[in-house]
Amino acid sequence: MSVLIYAENAGGKFKKSIFEAVTYARAIADQNKTNLVAISIGDVSKDELAALGKYGAEKVLNVSGDKLKNFVNQAYASIIAEAAKKQGADIVVLSNTFSGRGLAPRLGVKLQAGVADGAVALPEQNGGKFTIKKTAFSGKAFAIVELTSANKVIALVPNSYKVVETGGTAQVEDFAAETKDSDFRAIIKEIVRSTDKISLPDAEIVVSAGRGLKGPENWGMVEELAELLGAATACSKPVSDAGWRPHSEHVGQTGIAVSPNLYIAIGISGAIQHLAGISSSKVIVVINKDPEAPFFKVADYGIVGDAFEVVPQLIAAVKEYKASA
Amino acid sequence: MKILVCVSNVPDTTTKITFTDNNTQFNTNGVQFILNPYDEIALSRAIELTDGGKGEVTVINVGEVNTEATIRKALAIGATDAIRINAKPHDAWYVAYQIAEYVKANPFDLILTGRESIDYNGSKVAGMLGELLDLPSVSIIKKLDAADKEATVEREIEGGKELLTIPYPFVAGTAEGVAEPKIPNMRGIMSARTKPLAVVEPVEVKTYSEVLSYETPAPRGQVKLVPADETAKLVELLHTEARVI
Ligand SMILES: Cc1cc2nc3c(=O)[nH]c(=O)nc-3n(C[C@H](O)[C@H](O)[C@H](O)COP(=O)(O)OP(=O)(O)OC[C@H]3O[C@@H](n4cnc5c(N)ncnc54)[C@H](O)[C@@H]3O)c2cc1C
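These protein sequence lines map, in sequence, to chains A and B.
Residues in the first sequence are numbered from 1 upward in steps of one, following my numbering.
Residues in the second sequence are numbered from 326 upward in steps of one, following my numbering.
Hints may contain errors.
[Claimed, not checked] Derived lysine-lysine pairs resembling DSS-like cross-links, with alpha carbons at most 30 Å apart:
id: 1; chain 1: B; residue 1: K468; chain 2: A; residue 2: K13
id: 2; chain 1: B; residue 1: K379; chain 2: A; residue 2: K189
id: 3; chain 1: B; residue 1: K468; chain 2: A; residue 2: K197
id: 4; chain 1: A; residue 1: K69; chain 2: B; residue 2: K379
id: 5; chain 1: B; residue 1: K379; chain 2: A; residue 2: K16
Hints in this document: simulated from the structure, not taken from any laboratory.
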């Protein structure tokens, strides 16, 4: 038995969420005194693949080919399931990214495995029992789920497990996987990447703004603050509904759930649906002119004030801090 | 075009989540249940795509009799007919399996689900259905345009988007942007009462997961307020105390 981690790449590189997932998978392998194999699909350099060894992978299976350059969940799921069977892996770990969420259920069926999506902690294993904590009710609670199947699929929420470097390099092996034509019925026509922006789901800092900003023309200061902090930008639902910002920035119960180290909310009231998607942020800062805004009840730090005065000052203060650091 | 929309019955978005029986049961006391918001988006798009006699929309729910109000809401929004598989939705695998069995006997051109349900947030039913029915599946889609033989969808990816074409039949999990949720009008509400709602008994299936208990997030401490003209103090606190910058 072993543990298999699917190392998803973004343009040939692994992101921090994958290092988290490898570290996490290593810890599960250690719990079971077994080995950790990673699998990568697409075009990734040998050096980048070997570097997964730093986080505890002993071996990396490399699958590439023209048809596999871009993510097709059906084909990728077939390959990962085949690798799991050939490696005798009974636990498959993924990152709970958009792609991970497309793969996990297909893998669950292929491997007849219970799926723990949205996992936020290591499983507890005793006497053959396997329980795991996952997010539920859009971040308003956690569920402790027992997986009763022999095989298990776990999707780890980005930013919920700390990366540990153990040194070492992994041995890279090419893995020849069989795919069927029917795995490629969905055809990718175009990929549009906004490369200059930090992606919201795995951002460590998020600067978010709401209807208090009055209109899309006032987002310049939000973007400036985000850029200074190396943060992703986000917004509340009415803001994306009004078309001031794209839907992909909408966080909350019906938007994206985020769990950054720092969430800065500007001119957002803190409605229960908004809080649902951001409550697992480690530190919350709220800027709102209304001292009664519900957001202050869940915030760690707050400034009661007008965003149009506070944010420019905050930008200046961050610049000063950076200059002196 | 025949479209199937999978709908779930979930606690209203304003629900304060609490538990009973030593944190092993979700407390439904005083909780209003609604049509899952993402399923509403899927349903609204399905109705747009079949508008003007271009097809039919069936909604399907795995649930006990208490979910019928939610199913009627879907009928009021404009679905043609409804199926309720008469069972407690044990987990995503159980739900997907029941729906797949139904679809094997009653095929559809397009199967839509919401991107996730707002109670367990699993995003699993669409992908599991795809696998169980050997169909392509695509999750978290922001746009869905239908042509005769195939559809064009826009999928969200980290830091961007992807355009795909997919031949029918396929399964898709829809997110915001696919359609504006439709509000039932009086005629819809009246006709929903008489639209067909078939109750189907479940097939037996082994399940692979069990919720043992629940936890609520640890309460946060009191907010530390910083005067509006002392933003430098906030930056210092974030650096030295919170250690996040
Ligand atoms: C089914 C459903 C699902 C939903 N899902 C979500 C979701 O996923 N995400 C989400 O965000 N919402 C969601 N909502 C909407 C949610 O209920 C709130 O309406 C929304 O979060 C409010 O957004 P807001 O705080 O930006 O706007 P408002 O409620 O208008 O609040 C604006 C805030 O800005 C402050 N303000 C105004 N001017 C200034 C200024 N100059 N300086 C500083 N502060 C200022 C005000 O004091 C106020 O607190 C959902 C609602 C429903 C019914």
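Verification of the hints:
The suggested pairing of K468 (chain B) with K13 (chain A) holds, with an alpha-carbon distance near 28 Å, which does not exceed 30 Å. Of the supplied pair hints, the one linking K379 (chain B) and K189 (chain A) holds, its CA atoms being roughly 27 Å apart against a limit of 30 Å. Restraint check for K468 (chain B) and K197 (chain A): satisfied, since their Cα atoms lie roughly 22 Å apart, inside the 30 Å limit. Distance restraint check for K69 (chain A) and K379 (chain B): the Cα-Cα separation of roughly 37 Å exceeds the 30 Å cut-off, and the hinted pair is therefore not satisfied.
With a C-alpha separation of about 47 Å, the suggested pairing of K379 (chain B) with K16 (chain A) is violated against the 30 Å cut-off.
Taken one by one, the earlier hints fail for this structure at numbers 4 and 5, listed in ascending order.
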